[in-house]
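> Heads up: the protein sequence lines correspond to chains A and B, in order. Under the numbering used here, the first residue of the first sequence carries the number 1, and numbering increases by one thereafter. Under the numbering used here, the first residue of the second sequence carries the number 1, and numbering increases by one thereafter.
Among the hints, a few may not be true.
[To be verified] Straight-line distance between alpha carbons at most 30 Å, and here's what the computed DSSO-like set of lysine-lysine pairs gives:
| hint | chain 1 | residue 1 | chain 2 | residue 2 |
| --- | --- | --- | --- | --- |
| 1 | B | Lys-338 | A | Lys-224 |
| 2 | A | Lys-112 | A | Lys-41 |
| 3 | A | Lys-166 | A | Lys-224 |
| 4 | B | Lys-338 | A | Lys-162 |
[Stated by the list, open to error] Just a few of them, taken from the derived set where beta-carbon distance is under 8 Å, the chain A residues facing chain B:
| hint | residue |
| --- | --- |
| 5 | Ala-134 |
| 6 | Asp-136 |
| 7 | Leu-143 |
| 8 | Ala-144 |
| 9 | Pro-150 |
| 10 | Val-156 |
| 11 | Arg-158 |
Hints were generated in silico from the structure; no laboratory data involved. Given the structure is predicted, the values throughout are model-derived calculations rather than measurements. Just so it is clear, CB atoms sit at the ideal spot from N, CA and C, and this is done for glycine as well.
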Amino acid sequence: MSADSVSTTDSTTVSSTDSTTDETTPHHGGIFSTAQPSADKTHPVLSARGLVKTFGRVVGLDGVDLDLYPGEVLAVIGDNGAGKSTLIKCLTGALVPDSGEMRLDGEVVHFKRPQDSRDAGIETVYQQLAVIPALDIASNLYLAREERRPGPLGSVLRMLDKKGMKERAGKAVQDLGIQTIQNMGQAVETLSGGQRQAVAVSRAAAFGGKVVILDEPTAALGVKEGNQVLEMIRQLRDRGLGIILISHNMPHVWDVADRIHIQRLGGLAGVITPSSHSMTDGVAIMTGAMKLES
Amino acid sequence: MTATQSTAAAEFARRQQSPLQRIQHVLHGYPWLSPLFILVIAFIAFTTLNPRFASPSSMGLMLQQTAVVAALAIGQTLIILTAGIDLSVGAITVLSMMVMASLAQDGGMNGFLALLIGLLLAVAAGYLNGVLVTRLNLPPFIVTLGTLSIFTAIALLYSGGSSIQADHLPGLLNSLGEGFGPRGGFRLTWGVVAVGVMYLAVGFALSQTAWGRHVYAVGDDREAARLSGVATQRVLLTVYTVAGLIYGIAAWVLIGRSGAATPNAIVDANLNSITAVVIGGTSLFGGRGRLVGTLIGALIVQSLQFGLSLGGVDQQFRVLATGVLVIIAVSVDQWIRKVKA
Ligand SMILES: Nc1ncnc2c1ncn2[C@@H]1O[C@H](COP(=O)(O)OP(=O)(O)O)[C@@H](O)[C@H]1O
Ligand SMILES: [Mg+2]
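This is chain A alone, in the form it adopts within the complex:
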């Protein structure tokens, strides 16, 4: 991470640095992110056309389209094996689709590695969490974007700013209102499943610049923590980020989503909204009991 992004996170106000021209986007995305959320709410921040991904003879994704607008929560629902995780992995470069096109802010992008999408401002909580048990919480939050010490210690010796990262990690977690993790120096392997999930979610929320993708982020959480994550999702949306939320929890989805993308058998069964369809309808479309007219 560059030196100027460090100084941005040091200042307590996250909004002040360069709100020169565009009054509608004074906010940074995540707490640590310097990427500005897209100002234009009428064009998708992220869009995909005709994504196909096969695993040998298994078809994971069968030509799926997706549009995500800035400042919206797009839920993705579907049965187990419907291709939800494969879809978001293709969006983040964790998997490379066999064919299809993706655009970020209108520009065609080809993510070959997860790092590519992160660099472009997309943060992801993968279903398998992707935290490193042996490292502590702060190290996990800053993994692959470690900050170095100022001066020659950092530039010549490449020495990490461990203390600074720990402090900023603690502050970020606090600002996000996450109470389940406290001691940033604690090894992740000593945490409960719910706490690990909180680490993964905090990392995405803190660094998300344009888009945050969460694959079943509330699965291991209790009621209270689950609601905290939903609250955090609303906050990020209100900052202008686009959010993709995969969840099996229908009340959560109908509570927080603006639109709902329904995956079925590797394909897109349709896009509905919480007001246009009931939960029962949603589940019926998901399972194939009901067809969506298009």
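Let chain A serve as the given structure and place chain B with the ligands on it in line with the hints.
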């Protein structure tokens, strides 16, 4: 987050632990404590049995004897931290050593140039291991088992299997065998100093740089590291390449130590380097361990050799004692890994 709150919570957690759990917890944070304990015990025991063990001259000698295996164990630690293993340690070292010695033999080539070529060859050999592990996605065990034979064969073919004595070699290649300190007192060689510097440099890189964190991350959970944005392939490639460089420097130390370049100088190098790493508390499953533990492990192996031979104990018992220590070390590691919050 308030500091008082978290320490209070920690205090609460501590009170609920049995003494054994507390030990488990401490060892989890400092995995090199148990080998240090063993080293201290061994030191006290051998000194009691034979006070000559602790004399300045034998301490100096022991460090000189430990140097080569301790150096190789640095590279081995890096690779084991990534959940790999390197069986070609000895082969790369011998290849590098025979090439630098043969090139410079009897004034054939400038000593500096010969050394440089030998080091570069070791780097290339490590890089080849890294390429095979990352690009072909082969298990490190298999890759280095193969390159063990390949490099050994090349070294023997190239050198014709014969040794080159120190008096046929330029001063630079022998220089790490020279030392300082009083004869009959605490005497160190430049080779020991070179190995010490390598420990400091690699220890710093592992504990203080992003690269070090990524080494641990890749070893602990490669897929999670990749999804978190770590360039896992590049990390692995640099680990094997740096290990190669370390083996090359160890080859230079070895020429000084043995006063010759001999193809069968370090037949036990593979096992001894792995033994030092494992006894030092680094997990064979990757992602866990400290370089200082490896240094302690190497010292334990050497002090067992040295102390038991001072006591007139048969060589086979020394090997046996080392084996018992390895089993104990791995059991302790398994136990530590089950630590709960
Ligand atoms: N790495 C993989 N190798 C082989 N098949 C896979 C792999 N990942 C997913 N699949 C298959 O692709 C399909 C979609 O999986 P996934 O996207 O994980 O579904 P969901 O997240 O909706 O439960 C399933 O049939 C699954 O078995
Ligand atoms: Mg899934």
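> It remains to establish, for every hint, whether it holds in the given structure.
Going through the hints against the structure:
Of the supplied pair hints, the one linking Lys-338/B and Lys-224/A holds, its CA atoms being roughly 29 Å apart against a limit of 30 Å. Between the alpha carbons of Lys-112/A and Lys-41/A the distance comes to roughly 27 Å, so the proposed pair stays at or under 30 Å and holds. With a CA separation close to 26 Å, the supplied pair Lys-166/A and Lys-224/A stays within the 30 Å bound. Distance hint between Lys-338/B and Lys-162/A is fulfilled; the C-alpha atoms sit about 27 Å from each other, no more than 30 Å.
A least Cβ separation of about 4 Å between Ala-134/A and chain B falls short of the 8 Å threshold, and the interface hint therefore holds. The beta carbon of Asp-136/A is not positioned within 8 Å of any beta carbon in chain B (closest approach about 10 Å), and the interface hint is therefore violated. Look at Leu-143/A: its Cβ gets to within about 5 Å of chain B, closer than 8 Å, so that hint holds up. Annotation: interface hint on Ala-144/A holds; nearest CB of chain B at approximately 4 Å, less than 8 Å.
Checking Pro-150/A against chain B: minimum C-beta separation of about 15 Å lies over 8 Å; hint violated. The criterion of a C-beta within 8 Å of any C-beta in chain B is not met by Val-156/A, whose closest approach is roughly 12 Å, and the hint is violated. Annotation: Arg-158/A was flagged as interfacial toward chain B, and the flag holds, the nearest CB pair being 5 Å apart, inside 8 Å.
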